[in-house]
Amino acid sequence: MSQNYPALLVIVPLLSAFFISAAGWVNKRLCFPLSVAALSVSAYSCIGLLLRVLNEGVVHYRLGGWPPPWGIVYYVDYLNGLVLCVVSISALINLIATKKSIEQEFPEKTGPFYTLYVLFVTGMLGITVTGDAFNLYVLLEIGSITGYALLAMGDEDRAPLASLNYLYMGTIGACFYLLGVGYLYIATGSLNMVDIAHILPDLYQSKAVTAAFIICLVGVWIKMAFFPLHAWLPNAYTFAPSATSSLIAPLMTKVMIYVMIRLILTVFTPEFAFTTLAVSHYIVWLACIAIVMGAILALAQHDLKKMLTYIIVAEVGYMVGGAWLGNRAGMTGAVLHIVNDALMTLCAFLVVCNIVYKVKGYAFADLKGLFPKMPFTMGAFVIAALSIIGVPPTCGFFSKWYLILGAIQAHQYGFMVALLFSSLINVVLFFRVFEVGFFEPFSDHEGHEHHPAVMAEAPLSMLVPLYIVAVGLIVVGLYTGDIVNHIIRFVIPKGFM
Amino acid sequence: MGDLIQVVIAKYNYWIYITLMMIGLYAMIAKNNLIKKIVGMNIFQTAIILFYISIGVKKGGTLPIVEHGHGAHPNVVHAADYLNPLPHVLMLTAIVVSVATLGVALALGIKIYNRYNTLEEDEILVQIREK
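Chain order of the listed sequences is W and V. Counting in the working numbering, the first sequence runs from 1 upward without gaps. Counting in the working numbering, the second sequence runs from 1 upward without gaps.
Simulated from the structure, these hints should not be mistaken for laboratory data. Because the structure is a prediction, the values reported are computed rather than measured.
A few chain V residues facing chain W, derived, Cβ under 7 Å:
1) MET41
2) ILE48
3) PHE51
4) LEU90
5) THR93
6) THR101
7) VAL104
8) ALA105
9) LYS111
Think about it this way: if two alpha-carbon atoms lie no more than 30 Å apart in a straight line, the pair counts; the simulated DSS-like pairs of lysine-lysine are:
10) V:LYS131 <-> W:LYS360
11) V:LYS111 <-> W:LYS109
12) W:LYS99 <-> W:LYS306
13) W:LYS207 <-> V:LYS58
14) W:LYS360 <-> W:LYS306
15) V:LYS111 <-> W:LYS358
16) V:LYS111 <-> W:LYS99
17) W:LYS99 <-> W:LYS358
18) W:LYS109 <-> V:LYS131
19) W:LYS358 <-> V:LYS131
20) W:LYS360 <-> W:LYS109
21) W:LYS368 <-> W:LYS358
22) W:LYS100 <-> V:LYS111
23) W:LYS109 <-> W:LYS306
24) V:LYS31 <-> V:LYS131
25) V:LYS11 <-> W:LYS207
26) W:LYS100 <-> W:LYS358
27) W:LYS306 <-> W:LYS100
28) W:LYS360 <-> W:LYS99
29) V:LYS131 <-> V:LYS36
30) V:LYS59 <-> W:LYS207
31) W:LYS100 <-> W:LYS28
32) W:LYS306 <-> V:LYS131
33) W:LYS360 <-> V:LYS111
34) W:LYS306 <-> V:LYS111
35) W:LYS368 <-> V:LYS131
36) V:LYS111 <-> W:LYS28
37) W:LYS28 <-> W:LYS109
38) W:LYS306 <-> V:LYS31
39) V:LYS111 <-> V:LYS31
40) W:LYS306 <-> W:LYS368
Positions of the beta carbon are idealized from the N, C-alpha and C atoms, including for glycine.
Model the full assembly from the supplied sequences, consistent with the hints where possible.
Right, here's the structure in full:
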């Protein structure tokens, strides 16, 4: 059993998607427990796998018994062991937290929704676990196509168009990645990531390899919404159903950051990415622009959900910049921020989910008087906000600390300034929300003001998972040292300053 | 000039795929009709499939079917005589992916048409702004 964790964590949700779909025809109430069971098995396997990696080192799993480089190998090391746990646990928590919200928003479509949900998680986990460059493309498209469908289930006026625009951009991104893999295949004749890494050093001067790296990178940037390529993200995430945005917003961009780091560290070596190409300086500047523009655009928004989506754009800038600083502290910050940002985004979007469940809106005008009305939900929101701003002891502080440390060591003061600037903007953004929620009187949709507002909190089944995530933000913050010393330290290859 | 023609002719498969890709990209960026954009997207994907197919081809190579397999005749197999089947097999998966993407895109197109009674993007945006 424990030998097969790498296969189980992908195959169990994949197969159960068919059963969930079938169960949807028989009895809709079967879908939810089946999805929870499938994702629990995944999460259990992911945690077991991470523990195994911690004890025994890198795990290789040959699918179908074919030896590499001919067969597909699932390759789990410290980096993707960590990301796997984050992905599977946040997907599971979100599934449990959003049950009521899904039943409220589209009661007749729960069967297809859970099927797509589980398939999406399959895609994300598969991207993370696989050690084969082409297999990654296929799983990326499984995740993306289900993502388009999930996002289009939201607001009938806007969601399909937003999702279609995402589909155009997403397809271009995935095709670019595929094209890059094609060039790599021409140059090396292999698709196995570790095998490619062994063959490449003699070919670093080849133009095909440079082209492959740049094309793959641009493709992945489109998928992660790195600033000039971010145009699809805000609308697609804003008009989606609340349960979908709280699933996709934490996972999709973070998993793509993981793919970028995997490309830099494993497929191409850091030596190639930082020394031979010598573009890291420009990419860090691009990341600075992404952070500043994300923050400024977030400031211009009039509703909570869209503001959060622009904050994601800025956070993507943090991680891309951190990874390209080219030193130990920067890379540590980037990997740590994958974990932290997934949790922070999950927490913030679950809060939106609760608000939409009770208030039926997420514009700033709908948030009036929410603190007395939904004190527990807003309490969790304060924790998420503090973490996004970067206040200790929440986890957001520690990753930002590493990123700033890396920026100083790399003499990239522009990146440091951008980080601090975006933290300040975040303070303004969130205190504006607090102000509306705390001081303005609650008014219902007919415009009647209530003094004092009656407490109408979201149901316990939504609050408990939300608080697990919110407390998780602080716990991860307090245990940052352990995560860095026991896991992330081994991610970064030797010779990295 | 002669050199340029040489380069174009010697690598014509790459030039064809890049041309197709740019046609697809142009359609996705410049066309106003959603269906034309979707067609452009499909051309874009097909261009990459063509690229993969063309890199597996060898001059004078034949189908990669080994007739005397499993020890019937201990003939030596020369890899150079056969086409490389791997890119072709990969593209079977890519075709499936592109069909699925196309399906989802068209389904979204139907949803948009039912809501706005048009597939022209500017008209849809006008309707969105009016609300």
